[in-house]
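**Student:** Going down the list, the sequences are from chains X and V.
Residue 3 is where the first sequence starts when you use our numbering, and the numbers rise one by one after that.
Residue 2 is where the second sequence starts when you use our numbering, and the numbers rise one by one after that.
No lab work stands behind these hints: they were computed from the structure.
Worth double-checking, as some hints may not be accurate.
If you want the footprint, here are the derived chain X segments under chain V, 3+ residues with CB under 8 Å [as the list claims (entries may be wrong)]:
hint, region
1, 44-50
2, 94-108
FRET-style restraints, in silico, Cβ to Cβ [as the list claims (entries may be wrong)]:
hint, chain 1, residue 1, chain 2, residue 2, range
3, X, Gly57, V, Val113, 46 to 54 Å
4, V, Gly55, X, Glu17, 45 to 53 Å
5, V, Glu27, X, Asp29, 38 to 46 Å
6, V, Gly55, X, Ser20, 23 to 31 Å
7, X, Ala31, V, Gln14, 36 to 44 Å
8, X, Glu85, V, Arg109, 40 to 48 Å
9, V, Gly28, X, Asp29, 25 to 33 Å
10, X, Pro84, V, Glu27, 43 to 51 Å
11, X, Arg63, V, Ser58, 33 to 41 Å
Positions of the beta carbon are idealized from the N, C-alpha and C atoms, including for glycine.
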Amino acid sequence: GENVEQHPSTLSVQEGDSAVIKCTYSDSASNYFPWYKQELGKRPQLIIDIRSNVGEKKDQRIAVTLNKTAKHFSLHITETQPEDSAVYFCAASRNQFYFGTGTSLTVIP
Amino acid sequence: SQTIHQWPATLVQPVGSPLSLECTVEGTSNPNLYWYRQAAGRGLQLLFYSVGIGQISSEVPQNLSASRPQDRQFILSSKKLLLSDSGFYLCAWSVQGNHGYTFGSGTRLTVV
Numbered sequence: 003g004e005n006v007e008q009h010p011s012t013l014s015v016q017e018g019d020s021a022v023i024k025c026t027y028s029d030s031a032s033n034y035f036p037w038y039k040q041e042l043g044k045r046p047q048l049i050i051d052i053r054s055n056v057g058e059k060k061d062q063r064i065a066v067t068l069n070k071t072a073k074h075f076s077l078h079i080t081e082t083q084p085e086d087s088a089v090y091f092c093a094a095s096r097n098q099f100y101f102g103t104g105t106s107l108t109v110i111p
Numbered sequence: 002s003q004t005i006h007q008w009p010a011t012l013v014q015p016v017g018s019p020l021s022l023e024c025t026v027e028g029t030s031n032p033n034l035y036w037y038r039q040a041a042g043r044g045l046q047l048l049f050y051s052v053g054i055g056q057i058s059s060e061v062p063q064n065l066s067a068s069r070p071q072d073r074q075f076i077l078s079s080k081k082l083l084l085s086d087s088g089f090y091l092c093a094w095s096v097q098g099n100h101g102y103t104f105g106s107g108t109r110l111t112v113v
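Excised from the complex, chain V in its bound form (with noise of 0.2 Å):
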């Protein structure tokens, strides 16, 4: 069976640190992968998605990038972190096609 894992599941880092979130997914192959983000008490907000090693499309400008470099395997990080990229991250797969997602348990990051 297809599992995801994401982690760290809580992360406290200070202003201007470095940031590196995984996510992996296990039992697919060529999954369509993503980075959502979801403010306190707020929606969630599309970040990345990917559709294949080294295909990244961003959808919002910010201070985060994303990188795919392997199959199942994506990775989001920042260089400098701000206060406001606190927050809750999800990853999320699906199989190619337009089918439900499957979400990861998420990493809440808070930055101080």
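Just chain X, same shape as in the assembly (with noise of 0.2 Å):
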């Protein structure tokens, strides 16, 4: 099956400064790639996604890369804010997610 393998496993920053979270999987018929942002207590939250035919997708202060030959890909915060703190979670996917261990994020106002 899907190995998914995400670093680093904590990441702490200051206000304003940018987040890169990387994940690689080991199945290259993985076909799509999300990633999900878990507040405390709460449910996984898909924030951005990006299929294999893709190399690089933007939301805002958000983006993910993909690199399908080395197999990993990876998620960009620019600009961060006290309430991107959360654990994230990428997952790869050809019928089933499979995810990452997570990331626990911490921006320091």
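Mind assembling these two chains? They're in different frames, but the hints should get you there.
**Tutor:** Written out as structure tokens, the structure reads:
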């Protein structure tokens, strides 16, 4: 099955700085890569996704890049704000999703 | 619009007792349904998924089972809970094909 690795497990940045979270996957047949944000005690919420026929996608302060050859994809958050503090999960999917282990992001005011 | 309901929100059960968590989806037909478990401070582990009534796939061997008696109902069960079954259980659905999940609000299970 698919194996998704996510780094770092924890990340602290100053407000206004950028944050980058990286994931790798093992199954070259995976073709859909969503990112979820989970605030404490709440359900994960989809924030951005990318399909395998696209190399980069941007939505305001959030962007995701995909390198199919290297089988890795990354989440980039620019101009971070305290409300960006949460746990972020990447996932790789061909049919069902396989999630990374999560990154706990803390934005320091 | 589509909505997903999951209950109960919290549950405290003694070791050895049975478990039944229910998830229902409204506003869509023939969804893919999923059960995930999230241990404290850990990632999301896929437990079961279903592409149709009576069709259940298990990802990992465990003390749990799942059933899909109706198109939009997904049930997670156990005959005898273990301490290690404690965690945050999330139901999710997606349309057929490869699209984003929508998660339920979760059930925090504590086995004592």
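**Student:** Give a verdict on every hint.
**Tutor:** Verification of the supplied hints:
no., hint, result
1, 44-50, "holds (count 5)"
2, 94-108, "holds (count 10)"
3, X:Gly57 x V:Val113: 46 to 54 Å, "holds (50 Å)"
4, V:Gly55 x X:Glu17: 45 to 53 Å, "holds (51 Å)"
5, V:Glu27 x X:Asp29: 38 to 46 Å, "violated (32 Å)"
6, V:Gly55 x X:Ser20: 23 to 31 Å, "violated (48 Å)"
7, X:Ala31 x V:Gln14: 36 to 44 Å, "holds (39 Å)"
8, X:Glu85 x V:Arg109: 40 to 48 Å, "violated (23 Å)"
9, V:Gly28 x X:Asp29: 25 to 33 Å, "holds (31 Å)"
10, X:Pro84 x V:Glu27: 43 to 51 Å, "violated (35 Å)"
11, X:Arg63 x V:Ser58: 33 to 41 Å, "holds (37 Å)"
The structure fails to meet hints 5, 6, 8 and 10 from the earlier list, while all remaining hints are met.
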